[in-house]
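Trainee: Here are the chains, one letter per residue:
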Amino acid sequence: MQKFKYLLAPLLGLVISLPIVSLVIYFIAQGDFLVTSINLSELLLYTKNTAFVLFGTAFLVLLLGTSTAFMSARFEYFGSRFFSLIFVLPLAFPAYILGYSYVGFFEFHGILATLLSLPKVKLDILNIYGVTTILSFAMFPYVFILARVSFASISSTVVELVSLKQLSFCKAFFTVYLPLAYPAIFAGLVLAMMEVLSDYGTVAYFGVDTFSVGIFKSWFGYGNLNEAINLAIIMLLMVFSMMLAESRVRAKFRFISVTHSSKKAPKVKLRGFQNGIAFGLSMFVSTFTLFIPTGVLLYWFYLDFNTLDWSSLTYLYRTLSLNILSSFIIIALAFGMVYASRFYPSKLGIISHKLSILGYSIPGAIIGIGILLFTNFIDQSFGKVVLGGSFFALIFAYLSRYFAASIGSVENGFSKIDKSIDDATIVFGTSEWGRIFKVYLPLMRPYLLSGFLILYIDLAKELPATLLLRPFNYDTIAIRIYELASNEILYKSAFPSLLLVLTTAIAVLLLNSKFVRGRR
Amino acid sequence: MKPIVTIENLHKRFCKGSVCVANDISFSINEGEIFTILGRSGSGKTTLLRMLSGLENPDSGTICIGDKVVYDAKTNLSPNQREIAIVFQNYALLPHLSIAQNIAFGSKASQEELLHVMQKTKIETLSSKYPHEISGGQQQRVALARAILDKPKILLLDEPLSNIDTELRTILRSELKEMIKLFGITALFITHDKEDAFYLSSRIAIMDGGDILQIGTPKEVYNHPSSLYCANFLGKINALPQSLGFGAAYCRLDALRLSPDFTRKARIKEIVFYGNFYEIILDFEGATLSAYSFDDTLREGDVIGFEVDESKLITFA
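Residue numbers (our numbering), protein chains in the order written: chain A, 138 to 657; chain B, 174 to 490.
Do not rely on the hints blindly, as some may be mistaken.
[What the hints assert, rightly or not] List time: in silico BS3-like cross-link candidates among lysine-lysine, alpha-carbon distance up to 27 Å:
1. B:LYS326 x A:LYS556
2. A:LYS185 x A:LYS308
3. A:LYS575 x B:LYS281
4. B:LYS175 x A:LYS142
5. A:LYS491 x A:LYS140
6. B:LYS409 x B:LYS392
7. A:LYS140 x B:LYS247
8. A:LYS400 x A:LYS308
9. B:LYS247 x B:LYS175
10. B:LYS302 x B:LYS367
11. B:LYS392 x A:LYS556
12. B:LYS281 x B:LYS326
13. B:LYS295 x B:LYS175
14. B:LYS302 x A:LYS556
15. A:LYS491 x A:LYS142
16. B:LYS281 x A:LYS556
17. A:LYS302 x A:LYS142
18. B:LYS324 x B:LYS295
19. B:LYS324 x A:LYS575
20. B:LYS367 x B:LYS241
21. B:LYS367 x A:LYS575
22. B:LYS302 x B:LYS324
23. B:LYS367 x B:LYS247
24. B:LYS302 x B:LYS281
25. A:LYS389 x A:LYS406
26. A:LYS553 x B:LYS302
Think of the hints as simulated: they come from the structure by calculation, not from any bench.
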């Protein structure tokens, strides 16, 4: 029994990474290393588009995320607290909903045209530039959240040094404050880039063929599994290089923790013209990233009010039940994994832990294909459909894809529990289950809650894996929105979109609230 | 006296055998005594406590607690079967449980026994409070109450006085001694602080590099250290020059006294003020010697006489 406990974490890690492992095994087994199954011109197109979207979004995300984070962390100005919250909220929007609302905003006879009373005014954003801008609006909060923490933790001695040396604002920002936040900014940027790479709904709607679109085209359009897998492997390589770059940057800037002391520098109170500039900039960013898309959805909702499709509530119910169940399972397994690694550590456990968190950086479409390979194998072995198109397959995909999101929160919680508490629970003789239920679960409550909320937000927005793996006739609200938008009934997508955004916004606000943050 | 704990040939290596934290250690702890393991950080004292409690497994050796073998080649009892209890360095109180729940945690003691222990440790009024609502001293008493509730054969104290400021430390130290005496407990105290060790211990074992270097009463180990390392570790010493006629000998600073007799004289090189006394650093024929003094008329550069208390000379074989 004791030996089995040491195997728990490695086994769990292996199971969670199974979709990725099966994908790599299939790729090696088929022996067709990109030569015959991919059309070269298509490959070039996917590479060019993916690179443009990635680098373009990276640039805009850096610009938006870093500037807002610095303003929010270092300055006190009119509405600064309100904007700190507003800058996080775009996280509640799936990128594709932002995309739909902006297309509606700029189209012929669209909202902008109506507002200007010029019905023929149109801005065509259904192109690579449009999708890059939209994705950066949706992803900048990743950089904002992490960079804000880093900027806010800058020690007062650093600020005092800057003022003693009489550095100008620009010089201080670019030579002192920005480099200190590099690891946080880069970590946020990598997260955003992973999401961009993973995005399917937005790029597909905007007609930009990136790798994730290519995977769907190969699989659904041409029924070519080999091509889909080869594309997935290329994406996997891109993800690995991003992860490698991130770890390099992290190693390079390890010294930074020294400059983040417990005595934090106070915020600077802005007055007059500077106050106006900060407010104006914040308003500008919020208008484009939050107010316009929300306004568009509300306007469409108003137009559609008398013919509302109440079946959206059924989709919402399905989404809520599926997500809550999945989040619960994933967080429970994350708890089990961290608990087992803490009390029954092994080298194998460390390796499989790394494998298990790999999924977060791998697009949903790839995970989906990995699961399909696995379920096909099982179904073929049994000679009948056992796992294909089941909830099991979908939840398994969620588990593989989002395990890292939950385990981070659980690990953070466990790291706050002193090792002497572990010893005390052992010495004072409680059983294993007693230890879990009487000590660790109560102590971990806020961390489990935040992990649960992070999962909920991610799962609610998830599209590609759900599209690939959902049980027959079981559409989630995200799929309903995607279908309505794909059929060009944009205004009809407002009601389900608002319902979805409302639930994720509640989760984002809760996550940002003292109720969860304050108790950690 | 009857030994409560007997450790024989306990051996433990870390990092694939490259670091030895217990090198064939053997000793016993008698009933009712406070036995202290004194050593610098990394000396292996905490690992020894963890092996005794069952939180860490030795590579070999035997551990007996009471009449029971708790660890040897065939036996390895879990911590909760060893009849031990620990007061941890940071007390390890569970923040989500009330004081009464913390003390009763994992215990099978009755409500009456719980109340009795709480009364004796003077924390009966705190039962419904939470750890963060009470002072450091009260937290120590709660940790102690939790440890003694089930009447362990031996109480293990894992540096409970470190990381506490000097003023509170003095108070907590005397409280700790009082409580241990009150309950008549046998205790193993782990510390790096010689002052705490001298204050609390019946016997002290000095540990370094996984070895027990010396075991004795506080006076024995202070006055008759077994090695230069032990002598230096327990306080400052003077290496006496051969010209003084004592051979290769050492003495503590209190054994070198300033004297009106100028048979042996030295020049005052430096005077260090410590508040209630001075340390006088002397230059004797090029060698540096130190002595304590309360005399505030002495000045640097003065030439004074001194004598050595021969009964307190320290020599090593």
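Trainee: Please go over all the hints and tell whether each is borne out by the structure.
Mentor: Results for each hint:
no. : hint                : result
1   : B:LYS326 x A:LYS556 : 24 Å, holds
2   : A:LYS185 x A:LYS308 : 36 Å, violated
3   : A:LYS575 x B:LYS281 : 16 Å, holds
4   : B:LYS175 x A:LYS142 : 40 Å, violated
5   : A:LYS491 x A:LYS140 : 21 Å, holds
6   : B:LYS409 x B:LYS392 : 15 Å, holds
7   : A:LYS140 x B:LYS247 : 18 Å, holds
8   : A:LYS400 x A:LYS308 : 23 Å, holds
9   : B:LYS247 x B:LYS175 : 25 Å, holds
10  : B:LYS302 x B:LYS367 : 35 Å, violated
11  : B:LYS392 x A:LYS556 : 36 Å, violated
12  : B:LYS281 x B:LYS326 : 16 Å, holds
13  : B:LYS295 x B:LYS175 : 31 Å, violated
14  : B:LYS302 x A:LYS556 : 23 Å, holds
15  : A:LYS491 x A:LYS142 : 19 Å, holds
16  : B:LYS281 x A:LYS556 : 24 Å, holds
17  : A:LYS302 x A:LYS142 : 58 Å, violated
18  : B:LYS324 x B:LYS295 : 18 Å, holds
19  : B:LYS324 x A:LYS575 : 23 Å, holds
20  : B:LYS367 x B:LYS241 : 32 Å, violated
21  : B:LYS367 x A:LYS575 : 38 Å, violated
22  : B:LYS302 x B:LYS324 : 24 Å, holds
23  : B:LYS367 x B:LYS247 : 37 Å, violated
24  : B:LYS302 x B:LYS281 : 21 Å, holds
25  : A:LYS389 x A:LYS406 : 33 Å, violated
26  : A:LYS553 x B:LYS302 : 22 Å, holds
Comparing the model with each earlier hint shows violations of hints 2, 4, 10, 11, 13, 17, 20, 21, 23, 25; every other hint is respected.
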